[in-house]
Structure formats: structure tokens, C-alpha cells
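Student: Read off the chains here:
There are 2 protein chains.
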Amino acid sequence: MSGLPTEPYKGVRDFYPHEWATLEAIFGIVRATLAKYGYEEYNASPLERAELYESKGNEEIVNEQTYTFTDRGDRKVTLRPEMTPTLARMVAAKRRELPFPLRWFSIPNLFRYERPQRGRLREHYQINVDLLGVKELKADGEIVVVAHTILSAFGAMNDDFVIRVNSRTLLDAACKTCGLSAEAAKAYLRLLDKKAKMPAQEFKLAQTAITAEDPLARIEANDPGIREEKEKLMGLIIAWKARGMTNVVFDPTIVRGFDYYTGVIFEVFDTNSENPRALLGGGRYDDLVSLFGGDPVPAVGFGMGDVTLVDFLTTHDLLPEVTTGPEIYVGTPKESDLTHANLLADAMRGQGLRVFVNITSKSLGEQIKDADRRGIRYFAAVGEDERASGTLRVKRLQTGEERVLALSDVVHFVRS
Amino acid sequence: MSGLPTEPYKGVRDFYPHEWATLEAIFGIVRATLAKYGYEEYNASPLERAELYESKGNEEIVNEQTYTFTDRGDRKVTLRPEMTPTLARMVAAKRRELPFPLRWFSIPNLFRYERPQRGRLREHYQINVDLLGVKELKADGEIVVVAHTILSAFGAMNDDFVIRVNSRTLLDAACKTCGLSAEAAKAYLRLLDKKAKMPAQEFKLAQTAITAEDPLARIEANDPGIREEKEKLMGLIIAWKARGMTNVVFDPTIVRGFDYYTGVIFEVFDTNSENPRALLGGGRYDDLVSLFGGDPVPAVGFGMGDVTLVDFLTTHDLLPEVTTGPEIYVGTPKESDLTHANLLADAMRGQGLRVFVNITSKSLGEQIKDADRRGIRYFAAVGEDERASGTLRVKRLQTGEERVLALSDVVHFVRS
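Chains as they are written, first to last, in this note's numbering: chain A, 22 to 437; chain B, 22 to 437.
Note that these hints are calculated values from the structure, not bench results.
Quantities reported herein were computed from a predicted structural model and do not represent experimental measurements.
It is possible that part of the hints are untrue.
Which copy is meant is left open, so a pair is good if it fits within one copy or across any two.
As the list claims (entries may be wrong) - 30 Å max Cα-Cα, derived DSSO-like pairs, lysine-lysine:
no. : residue 1 : residue 2
1   : LYS416    : LYS215
2   : LYS31     : LYS383
3   : LYS31     : LYS262
4   : LYS215    : LYS115
5   : LYS159    : LYS251
6   : LYS97     : LYS31
7   : LYS390    : LYS251
8   : LYS355    : LYS216
9   : LYS355    : LYS159
10  : LYS216    : LYS97
11  : LYS115    : LYS225
12  : LYS390    : LYS218
13  : LYS115    : LYS262
14  : LYS115    : LYS31
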């Protein structure tokens with residue numbers, strides 16, 4: 022064996038039909054659920070101007086963790102590492118024409134330059150759901166309901182996952198009551214973001230270096246300086262629970278990195294500790310659209326990656342069934358039967374069936390094995406007898422059950 | 022207005038919800054049609070190793086017309102300019118496990134580095150349909166039937182488009198009967214490929230410089246050296262016509278560039294001269310998979326770009342209707358009605374309806390205008406009366422017709 026290598030580029034995936042059908046079945050459930058909530062799908066190119074990401078002060082990330090290159094027109098181009106900046110750009114471009122509020126979603130592929138030794142993917146899909154144009158908490162309320170509803174649509178129960186909620190304004194207020202400067206507050210949040218991954222002792226020590234008071238203790242103690250913010254968040258949580266979302270909890274240690282969040286933030290985790298990474302995360306980002314000029318457009322949304330979602334669904338045995346493959350295999354006893362087989366197949370297609378016609382010179386026995394191997398559950402063959410009577414002999418491969426059917430009855434047998 | 026620019030990167034498109042829904046409706050028809058023929062969807066990353074394209078001797082194209090860059094691991098990476106090399110790579114990688122023949126399709130986005138002044142797109146979508154593992158002409162026969170069926174599925178009639186068919190083996194035989202060397206034959210085909218875009222006189226002159234005899238005249242005259250190849254092709258055309266494809270014609274001037282084609286080739290054109298570019302094109306490429314080593318895998322397929330397809334459908338008034346947006350708008354007379362509105366909405370969603378709930382403080386009159394502007398055709402509001410009786414007042418916005426309905430009757434009214 023020589024020739025070109027057959028592996029895909031480092032860190033990206035090939036999707037063979039069954040793998041792609043599984044992912045599409047998952048996305049299909051997400052799309053149908055979102056459509057019922059009035060969310061509409063948008064899309065954009067993975068190619069973006071690099072400045073779209075640099076502007077948030079993330080030059081280090083852009084240079085070291087993204088695919089960024091210079092085109093022949095001397096433009097710096099980045100393969101999008103996340104969708105939210107693109108969404109903000111698109112909304113800003115048509116802010117005068119668009120009917121706010123916008124309920125939008127997208128399922129883009131995202132790119133990150135991961136160093137090879139880490140073994141993580143360089144490209145993944147991410148479901149992005151956003152509600153723009155509403156500054157009130159009812160938008161935050163809705164977006165978390167939608168996240169919960171998507172997971173429920175796969176059959177997940179409340180004890181399969183937990184929704185951890187916090188608020189950036191609450192954290193800011195807590196830092197303020199401790200007398201922290203903006204700089205110190207930033208350092209504290211950066212530390213808090215890593216809390217779960219640190220030994221408790223180490224965290225305490227690092228915290229003492231930043232602040233004498235513990236901001237989380239202020240939140241716990243309902244300090245007057247944080248009370249209003251905490252009550253708002255608790256009100257939301259009560260409303261979610263009233264809707265049956267008993268798996269929402271307040272978690273003051275949720276920080277969600279350092280980028281554009283300005284209010285409520287949340288993350289969803291699998292209750293099975295085999296999947297420790299967050300299943301989805303999001304929050305409010307009221308200042309992002311105004312990076313493009315003009316008044317701010319309040320916004321709240323979340324992103325959910327395909328890899329963690331598939332892990333979650335697999336762990337809980339919730340992967341949807343794939344239903345796009347061929348339903349019936351039309352065998353050709355002799356090669357000269359192909360023309361007749363094509364006619365029959367076309368008639369069945371007219372009734373909506375997904376039909377695979379044999380075009381090889383395999384024996385009929387081999388064709389049945391072939392159908393089985395492809396996961397096609399019904400096998401039809403036309404012999405001389407059936408041809409004369411205008412019928413079809415259809416076999417349910419799993420049970421061996423065989424019927425001689427009129428063409429118009431095949432759909433019913435196959436889909437029963 | 023200041024801030025970051027809101028335009029997308031040069032030559033790529035943003036897809037706002039209505040635009041994306043239109044494209045998805047088109048792809049939906051393609052997917053459903055292909056599924057009925059037993060074709061299954063695969064996918065891959067747009068990132069490929071650059072050598073995948075260089076190996077065909079197209080280094081000039083790779084360097085000048087593709088997005089190619091070097092990653093930090095010193096790998097040369099290309100954003101795929103076409104899907105067929107990826108398909109060949111994937112098939113070669115699993116050739117021992119895959120159940121041949123393969124009926125596969127994909128709808129990838131493809132990238133080309135177009136010089137800015139040409140104003141052409143740098144990214145487009147392309148429907149790719151391939152049948153691998155069958156060397157006989159019945160595979161070529163099927164793939165053209167499938168191309169025809171896809172266009173027919175949109176409602177296109179035989180006089181809306183024409184399928185021009187030729188054969189590389191026929192052209193090769195014609196060049197051989199004229200005594201052309203392999204080199205001269207290559208030059209002749211390169212010239213023939215440009216025939217349609219040249220004045221007749223100029224073509225004649227250039228032809229004379231390559232060959233004293235006219236290969237097309239040999240084909241026309243049924244020269245014994247080409248007769249067998251021509252008869253094979255004519256046999257195919259007769260079979261297609263017998264299936265009702267009266268818009269297939271033999272066109273010996275079709276060449277389809279210089280890459281990997283080895284047998285039957287074809288292009289489909291709009292009969293409306295406003296769209297002169299080929300709508301789709303393809304052919305047989307039996308040698309591509311063996312670039313990765315091992316025995317050849319015979320293959321035939323075609324590609325159809327989204328831009329020319331949309332042009333065609335628009336010209337012939339065949340654009341499919343978009344049916345994914347919200348069907349009913351639930352208005353909230355007072356802001357405090359939101360909780361009740363959400364409950365009603367959830368009940369309607371349970372019946373499968375796509376429901377948009379107002380979460381702004383707009384007046385009810387403004388909400389009706391908002392629904393209209395969004396293209397949502399039904400408006401439901403819950404006043405005190407309806408709330409007490411457990412009903413819903415639903416208005417068909419286009420006609421003004423209004424009904425007071427039980428929740429369970431809303432679906433029927435909206436979808437009738």
C-alpha cells in the first residue's frame with residue numbers, strides 16, 4: 022500500500038454516513054425544538070476578519086489559539102473560534118431593519134488551534150442559541166428554559182443534568198462590598214474561575230493575596246451590598262423551579278471566563294461524573310453589539326458543543342435513532358432485471374420510500390447479505406412470477422417474514 | 022457610527038434567517054430526493070492537507086487559487102476547493118470495510134481564492150453526489166437520472182434545462198484516429214474546452230496549429246476508430262430518453278477541464294440564456310481513489326453549486342417555500358400575562374406548533390404589526406374572558422378572520 026495518506030488533517034474528523042446521520046439526528050431534534058420556540062436559524066462563513074476577535078483584547082488567544090493567516094490582499098483572516106462575535110456583527114449590520122427581539126440560533130463548526138500533544142479536537146460543532154433585544158430578566162429566564170427543553174427533548178430527566186446559575190453583577194457587587202478595586206476584582210474572578218481545579222488550601226492562599234475579605238462569604242451572608250442582585254437571581258430560580266426545572270441550582274463559583282458576560286451566567290453539567298466538562302454554557306452579554314458602534318443591544322445566549330453533547334447522550338442512553346438510511350433493498354435476480362427494478366423502485370419512491378437498488382452482479386443470496394450488512398431491513402425481489410402478476414415479494418430480514426404484495430401495499434408493510 | 026466594521030470578510034456571505042431558510046429548504050428537497058435513491062450523506066472538515074490537491078499536478082491552482090497556509094506544526098493546510106479529493110481519501114481510508122457500491126452525497130462549503138476585482142464568491146456550497154464501486158455504464162446511467170430527478174423535484178420541466186453528455190474515452194479515441202500524440206491530444210482538449218468562449222475563426226486557427234485533422238469531424242462521421250465508444254454513449258442516451266429524459270443531448274464539445282475524469286462526462290445548462298454558467302457538472306473518475314494506493318475504485322459523480330442553482334430556480338419561479346418560521350404569535354395584552362402566555366405556548370408546542378411569544382412591552386396593536394412584519398400568519402391573544410373560559414382568540418392576519426378556539430383546536434385552524 023503506497024500513495025497519499027488517507028488520514029484527515031490533524032485534529033479534525035471525517036464523518037462517514039452513519040456518524041453524520043447520528044449527528045444530524047441530534048441536530049434535527051435541536052432544530053425542531055428551537056423552531057417550536059420561534060427561534061430561527063442563521064449562518065455565516067467560518068472565515069472572519071481577525072480584528073473581530075482581537076478587539077476584545079484577546080490578542081494572545083487570537084495569535085496562539087486560533088487559525089489566523091494573511092490572505093493575498095494582506096487581510097488578516099481567522100477561522101472563527103466562536104460564533105457570538107459573528108452574530109453580534111450580523112445584528113449590528115442590520116440593526117435598523119431587524120425586528121427585535123431576535124430569537125436566533127446557528128450550528129456552526131468552530132476552529133481552535135490546539136497544540137497536537139493535547140489530543141483535543143481542532144474543529145467541533147456548537148449549537149448557539151441567542152435572544153437579542155430584551156434587557157429584562159425574562160429573556161434570561163427564557164433562554165435557560167430553552168436549554169432545559171432541548172435536553173428534555175432527547176429524553177433527559179431532571180436528575181440527569183444540573184443547571185448551575187450565577188450572575189456577573191452579583192459577583193461584581195460582592196467584590197465591591199469587599200472593597201476590591203476593578204483590577205483586584207478581575208484577579209479574584211480569574212482565580213474563582215479556577216477554583217474547582219485547585220486544592221482548597223491553595224485557593225484560600227491565593228485568595229488571601231488578593232482580598233482580606235471573602236466575596237463568596239458576603240453572598241452567603243446576604244450582605245446588604247449584594248442583596249438586591251441575589252434576590253433577582255433567586256426570583257429567576259424560583260420561576261424556573263415552578264416550571265418544573267427542579268435541577269437549577271445557584272452556584273456563586275460559576276464565572277465563565279473573562280470575555281463579554283455582563284449579567285446572569287450559567288453552565289449545565291452531566292450529573293454523571295464521567296463527563297466532568299460543562300455540557301453547555303452561556304449568559305448575558307449586553308455590550309458586545311455596541312463594539313460595532315451605536316446603542317447597545319441587550320443579549321443573552323448559550324453554546325453547546327457536539328462532543329460533550331454526544332458524550333452526555335451516550336452515557337444516558339439517549340442517542341436518537343438514525344432514520345435516514347434506505348428502507349428497502351430491491352434485488353435483481355438477473356442483471357437484465359435492472360430496468361424493471363428501477364421502475365418498481367421509482368414507483369415506491371413516489372410513495373415516499375427510501376429505496377436502494379442493486380446494480381452489481383452479486384447472486385440473490387449475496388444481495389440479501391448485502392442488504393443486511395447495510396442495515397436495510399426489507400428486501401424486495403422480482404422473479405418471473407411476481408413480474409407476471411405485477412406483485413413484489415418483500416422479506417422482513419430480521420424475522421424472515423415474507424409477503425407477496427401489490428406495489429401500493431409495500432409502504433404499509435415496511436413502515437408498520 | 023464608529024466601531025468595528027460590520028461587513029463579512031471579502032467574498033463570503035452572511036445568511037440572515039430568511040436567506041438561510043431558503044437555502045435549507047432547497048437542500049431539504051435535495052436531501053429528501055437523494056434519500057429516496059438510497060444515497061447517504063457524509064461530511065468532513067474544510068481543513069485538508071495541501072498535498073491532497075497538489076498531487077494531481079495542480080500546484081499552480083493550489084498556490085494561486087486556494088486558501089493555503091502553514092500551521093504552527095509546519096503542516097501545509099488548504100481550505101478545500103472541491104469535495105471529490107476528500108471523498109476519495111475517505112473511501113480509500115476504509116476501502117476494506119465499506120459496503121460497495123457506495124451511494125454517497127454531501128453538501129460542503131468550498132473555498133476558492135478569487136482575486137477581489139473579479140467579484141466572485143470565495144465560498145459557496147456545492148451538492149456532491151457520487152456512486153462508487155461500479156465500473157459499468159449503468160452507474161453513469163443512474164447518476165444522470167439522479168441529477169435529472171433532483172431538478173424535477175423542484176418542479177423543473179424538461180424544457181427548463183438541458184443535459185449535455187460526452188465521453189472522455191470517445192474524445193481520446195477521436196484524437197487517436199487523427200494521429201495525435203498524448204501531448205497534442207491534451208493541447209487539443211484544452212483548446213476544445215474553451216471553444217464556446219472563442220470566435221469560430223480563432224478556434225479553427227488554433228486547432229490547425231495542433232492537428233491537421235478535426236477530431237470532432239471523425240466523431241460526426243462515425244469513424245471506425247471511435248464507433249464503439251460513440252455507440253456506448255448513444256445507448257446510454259437512448260435509455261435516458263426511454264425514462265422520459267427527453268432533454269439529454271450528445272455534445273462532443275463538453276470537456277470539463279483537465280482533472281480526473283476518465284469516461285462519461287456531462288453538464289447541465291439552464292435553457293434560459295440569462296444563466297449561461299453550467300448548473301451542474303460531473304462524470305466518471307476511475308483513477309482518483311488509487312492515488313491513495315491499492316486497486317482503483319471506479320466512481321462517477323457530479324457537483325452542483327448553490328449560486329447557479331438558486332439562479333436557475335429563481336428564473337423559473339421554482340424557489341421552494343420556506344416553512345420553518347413561527348406559525349403563531351402569542352400576544353400579551355399586559356406584561357403580567359407572560360407566565361400564562363408561556364403556558365399556552367408550551368401547550369401548543371406540545372401539539373407541534375412553532376410558537377413565538379411576545380416578551381416586550383409593546384401595545385397589543387403594535388404586537389399585531391410585529392407579527393405581520395415577521396411574516397407570522399396567526400395571532401393569538403388571551404384576554405380576561407378567554408382566560409376565564411380556557412379558550413384562545415386566534416386571528417388569521419391576512420384575512421382578519423377571528424375565532425375563539427379551545428387550545429386543542431388551534432393546530433387545526435393554523436394548519437388548515
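Student: Now tell me, hint by hint, if it's right for this structure.
Tutor: How the hints compare with the structure:
| no. | hint | result |
| --- | --- | --- |
| 1 | LYS416 to LYS215 | neither (59 Å within a copy, 53 Å between copies) |
| 2 | LYS31 to LYS383 | neither (38 Å within a copy, 52 Å between copies) |
| 3 | LYS31 to LYS262 | neither (44 Å within a copy, 47 Å between copies) |
| 4 | LYS215 to LYS115 | neither (38 Å within a copy, 42 Å between copies) |
| 5 | LYS159 to LYS251 | within (16 Å within a copy, 71 Å between copies) |
| 6 | LYS97 to LYS31 | both (23 Å within a copy, 11 Å between copies) |
| 7 | LYS390 to LYS251 | neither (64 Å within a copy, 37 Å between copies) |
| 8 | LYS355 to LYS216 | neither (70 Å within a copy, 44 Å between copies) |
| 9 | LYS355 to LYS159 | between (66 Å within a copy, 14 Å between copies) |
| 10 | LYS216 to LYS97 | neither (36 Å within a copy, 39 Å between copies) |
| 11 | LYS115 to LYS225 | neither (48 Å within a copy, 53 Å between copies) |
| 12 | LYS390 to LYS218 | neither (52 Å within a copy, 51 Å between copies) |
| 13 | LYS115 to LYS262 | neither (37 Å within a copy, 50 Å between copies) |
| 14 | LYS115 to LYS31 | between (38 Å within a copy, 18 Å between copies) |
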